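Chain by chain, the residues run as shown.
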Amino acid sequence: MTVETIEPKTEAPASLGGRKKRYLLLEAGIVIALALVLLLVIPPILNGIGQTVRVNQLGRYMSLAIVALGIDLIWGYTGLLSLGHGIFFALGGYALAMYLQLQLPTGQIPEFFTLYGVNQLPLFWQPFYSFPFTLVAIVVVPTIVAGLIGYLVFRNRIRGVYFSILTQAALIVFFNFFNGQQKLINGTNGLKTDTSLLFGIQVSDPKIQTMFYALSILFLMGAYALCRWLTSGRMGRMLVAIRDDEPRVRFSGYNPTWYKVFVFAVSAALAGISGALYTVQSGIITPKAMDVAFSIEMVIWVAVGGRGSLLGAILGALVVNFAKTLLSEQFPAFWLFFQGALFLLVVTVLPSGLLGWMRTDGILLLRSLLGRRPALITYPSLETDPEVEYERKNLGNRESDS
Amino acid sequence: MFEGLLEPLFGGLSIASVLLLSALGLAIVFGLMGVINMAHGELMMLGAYTTFVVQNALKKTAFADLYIFLALIAAFIVTALLGLLLERGVVRYLYGRPLETLLATWGVSLILQQFVRSVSWQLVAGIVLFCLFFFGSLWAIDRRADLARWRNGLATLMFVISSGIAITVSNILGATYKLAATKPWFGTQGVDVTAPKWLRSGLIVGTYQLPYTRLFIIVLTIACVLGIYWFLNQTAWGLRIRAVTQNREMSSCLGIPTKTVDALTFAIGSGLAGIAGCAVSLLGSVSPNTGQAYIVDTFMVVVVGGVGKLVGSIVAATAIGLVNFVISSNAFKPLVSFSADLTAIFDFFATSSMAKVLVFALIVVFLQFRPAGLFPQKGRTVDA
Chain C
1 MTVETIEPKT
11 EAPASLGGRK
21 KRYLLLEAGI
31 VIALALVLLL
41 VIPPILNGIG
51 QTVRVNQLGR
61 YMSLAIVALG
71 IDLIWGYTGL
81 LSLGHGIFFA
91 LGGYALAMYL
101 QLQLPTGQIP
111 EFFTLYGVNQ
121 LPLFWQPFYS
131 FPFTLVAIVV
141 VPTIVAGLIG
151 YLVFRNRIRG
161 VYFSILTQAA
171 LIVFFNFFNG
181 QQKLINGTNG
191 LKTDTSLLFG
201 IQVSDPKIQT
211 MFYALSILFL
221 MGAYALCRWL
231 TSGRMGRMLV
241 AIRDDEPRVR
251 FSGYNPTWYK
261 VFVFAVSAAL
271 AGISGALYTV
281 QSGIITPKAM
291 DVAFSIEMVI
301 WVAVGGRGSL
311 LGAILGALVV
321 NFAKTLLSEQ
331 FPAFWLFFQG
341 ALFLLVVTVL
351 PSGLLGWMRT
361 DGILLLRSLL
371 GRRPALITYP
381 SLETDPEVEY
391 ERKNLGNRES
401 DS
Chain H
1 MFEGLLEPLF
11 GGLSIASVLL
21 LSALGLAIVF
31 GLMGVINMAH
41 GELMMLGAYT
51 TFVVQNALKK
61 TAFADLYIFL
71 ALIAAFIVTA
81 LLGLLLERGV
91 VRYLYGRPLE
101 TLLATWGVSL
111 ILQQFVRSVS
121 WQLVAGIVLF
131 CLFFFGSLWA
141 IDRRADLARW
151 RNGLATLMFV
161 ISSGIAITVS
171 NILGATYKLA
181 ATKPWFGTQG
191 VDVTAPKWLR
201 SGLIVGTYQL
211 PYTRLFIIVL
221 TIACVLGIYW
231 FLNQTAWGLR
241 IRAVTQNREM
251 SSCLGIPTKT
261 VDALTFAIGS
271 GLAGIAGCAV
281 SLLGSVSPNT
291 GQAYIVDTFM
301 VVVVGGVGKL
311 VGSIVAATAI
321 GLVNFVISSN
331 AFKPLVSFSA
341 DLTAIFDFFA
351 TSSMAKVLVF
361 ALIVVFLQFR
371 PAGLFPQKGR
381 TVDA
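Chain order of the listed sequences is C and H.
This note's numbering numbers the first residue of the first sequence as 1 and each following residue consecutively.
This note's numbering numbers the first residue of the second sequence as 1 and each following residue consecutively.
These are computed hints drawn from the structure, not numbers from a lab.
Accuracy of the hints is not assured; some may be wrong.
[Unchecked claim] Pairwise CB distance ranges, derived in the manner of DEER restraints:
1) C:Glu27 x H:Ile141: 44 to 54 Å
2) H:Thr61 x C:Phe331: 38 to 48 Å
3) H:Trp198 x C:Phe334: 38 to 48 Å
4) C:Phe322 x H:Ile141: 32 to 42 Å
[Stated by the list, open to error] One-sided and incomplete, this derived list gives chain H residues near chain C with beta-carbon spacing under 7 Å:
5) Tyr95
6) Pro98
7) Gly107
8) Ile111
9) Ser353
10) Met354
Model, not experiment: these values are computed from the prediction.
Built from N, CA and C at the ideal position, the CB exists for glycine as well.
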């Protein structure tokens with residue numbers, strides 16, 4: 001709530017229109033170039049040095065970056081800390097996993113049902129025979145759930161920590177529901193996807209996995225573009241206004257409720273997509289995706305990268321997840337210590353994340369390391385003032401002055 | 001009929017008492033400082049472990065049967081000190097930023113969990129050495145005015161040196177004493193606290209047995225609530241705490257040391273968490289994850305009750321406890337037996353985890369009517 005973000009210029013004068021467009025084109029070019037590098041250059045290199053497993057990890061973490069974008073939208077821009085994005089993540093994952101579980105000869109139902117003595121496919125499984133329905137459900141089910149929760153909560157102007165607590169409680173409720181219903185969705189064991197078939201090929205097959213890797217990149221790009229578009233226009237300004245002073249927005253005649261419901265639903269949709277992509281790449285979805293710890297972890301990715309900047313969310317998700325993998329491979333017990341320290345450090349020392357630090361202190365540090373004095377930031381009119389110029393020339397900038 | 005009512009009533013009250021006990025500390029801290037302490041559950045867990053330690057220490061002595069009272073005091077002191085440390089070390093830098101506080105205390109809770117899992121003599125030695133060298137040198141640097149301009153650089157240097165010393169020495173310790181130094185004290189598995197002999201049976205009413213441990217917890221909760229009520233209403237510091245809760249700026253202007261009040265309140269709230277942990281340890285085995293199980297229920301009590309009112313927490317905890325028990329034990333089944341559909345619905349929710357689902361739904365419905373809880377704070381500053 002107290003983060004200062006450098007927002008794109010709100011009201012660009014006509015003369016700057018062309019420049020803005022050029023910047024936008026440049027940004028799109030960079031994003032596409034990065035995506036191409038990720039798609040065409042990185043996998044062969046990693047495969048070449050015998051780190052094939054890292055490609056899969058990269059794909060998974062990029063799908064996690066999509067949910068991080070969603071969290072950035074709701075937390076970084078709108079100031080609502082949602083601790084319940086695991087719900088939407090898992091709903092997306094379960095939707096796809098259910099479709100994959102149903103890729104069986106006609107008349108058969110998934111194996112686990114018979115363990116619990118269920119002979120008839122439960123009603124809500126039926127639509128998941130259809131592929132288009134599944135694709136829609138991955139996005140729409142989380143959106144509807146988020147819209148509903150959001151409407152009920154925001155309508156009452158519940159915000160701040162109350163909102164966080166309520167989302168967390170909702171998370172626990174969903175966790176309990178999925179965890180306890182052995183007969184409906186295989187409870188604690190979750191749904192395995194890696195042995196099921198997609199278009200007649202096993203999901204764990206490298207070819208399909210490569211496709212999902214590519215899809216993760218594509219969807220990450222798409223999500224980035226969507227968020228960029230949302231946050232740079234009127235909508236984005238509205239969100240920041242809600243974050244910075246919601247009562248004032250209300251007093252100005254706007255109704256923040258619908259903006260908040262909308263952005264919550266969008267971020268839930270992103271979480272759903274992310275969950276589906278993550279599920280097929282990791283081979284299983286269990287109620288653990290709705291763990292309290294996991295949902296808070298998502299928040300820390302955004303916090304580490306730098307909230308209020310979309311790039312920060314992506315960066316944070318990738319950096320923290322790789323750090324987690326590397327650290328827990330080496331010292332399994334230390335990851336929790338490290339993660340805890342990360343929470344403390346980011347909140348106290350780096351409140352605007354890595355990217356925010358780079359933008360302010362990082363640049364200065366870099367300049368001073370390169371031996372360049374930091375440029376004086378003051379009023380430009382002073383800089384050109386002849387009197388000041390004279391003083392600077394003749395009296396110098398003595399240390400004692402500062 | 002009386003006996004039929006007794007069971008749900010007692011069951012609900014016993015859930016409510018645990019809820020209230022664990023929510024009490026949180027509610028006070030939240031009401032005063034607007035700080036959500038996500039490490040509250042872990043403080044409870046530490047209270048439970050303190051009980052375990054006290055129990056083992058007194059096993060052979062004459063006090064073996066009365067260890068629980070000593071454990072209550074010890075748990076209060078240990079967690080209150082830790083709470084004080086937490087407030088001084090982390091939380092005080094984050095006042096006015098509730099969401100950041102939430103994340104930071106979550107970080108603390110992760111560290112505490114892992115600490116309990118892997119604490120051993122080796123780790124303790126390492127931490128003590130590090131603190132001695134690092135903070136000792138910081139103290140020395142701060143006393144010398146001529147070193148002030150290099151303070152940051154020196155601090156970084158000392159950080160590296162002291163962590164180096166700590167790691168080396170603790171590794172040498174681990175290598176020489178082997179298992180005696182490296183074996184975790186508690187491990188990842190849960191530990192069991194056995195209730196003292198006089199708490200093991202139950203009070204028999206008709207055909208139903210009321211376990212003494214549950215009764216003990218109910219009594220303990222009542223005692224704690226009365227104690228807090230007395231403290232807040234009859235003592236000078238209680239008056240100060242109430243004043244700061246109502247209007248921080250004005251209290252500060254009138255000479256109340258708000259920082260001391262904050263630290264004191266945080267310590268008391270944490271101490272109450274320790275007592276709650278001690279009570280919880282009587283109910284089941286204690287593991288590093290114990291705290292997590294209570295944290296959200298506890299928050300719900302605070303949300304439903306409204307902030308800053310003791311009576312709100314009491315009513316909310318009782319209501320949530322009763323509803324929870326009634327749903328999970330399916331006590332109303334005879335009442336809805338006329339309709340097969342209703343019976344099926346009630347059967348569906350008749351487990352403790354599904355009861356939570358329904359309770360949450362009810363809470364969300366309730367919040368539609370009273371968004372600020374049962375006993376909302378009144379005043380001009382509430383909806384800024």
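Here's how the hints hold up against the structure:
1. Between Glu27 of chain C and Ile141 of chain H, the C-beta spacing of about 47 Å keeps the proposed range 44 to 54 Å intact.
2. Roughly 40 Å separates the CB atoms of Thr61 of chain H and Phe331 of chain C, a value that falls within the hinted 38 to 48 Å.
3. Look at Trp198 of chain H against Phe334 of chain C: about 44 Å separates their beta carbons, and that is inside 38 to 48 Å.
4. A C-beta distance of roughly 36 Å is found between Phe322 of chain C and Ile141 of chain H, which places it inside the suggested range of 32 to 42 Å.
5. The beta carbon of Tyr95 of chain H comes no nearer than 12 Å to any beta carbon in chain C, farther than 7 Å, and the hint placing it at the interface is violated.
6. Satisfaction of the interface hint for Pro98 of chain H is found here, the shortest Cβ-Cβ separation to chain C being roughly 5 Å, below the 7 Å cut-off.
7. Interface hint status for Gly107 of chain H: upheld, as the beta-carbon distance to the closest one in chain C is roughly 3 Å, under 7 Å.
8. Checking Ile111 of chain H against chain C by beta carbon gives a least distance of about 4 Å; that is within 7 Å, so the hint holds.
9. Because the beta carbon of Ser353 of chain H sits about 4 Å from the nearest beta carbon in chain C, less than 7 Å, this interface hint is met.
10. Taking 7 Å as the C-beta cut-off, the interface hint given for Met354 of chain H holds, the closest approach to chain C being about 6 Å.
Going through the hint list in order, the structure does not satisfy hint 5, though it satisfies all others.
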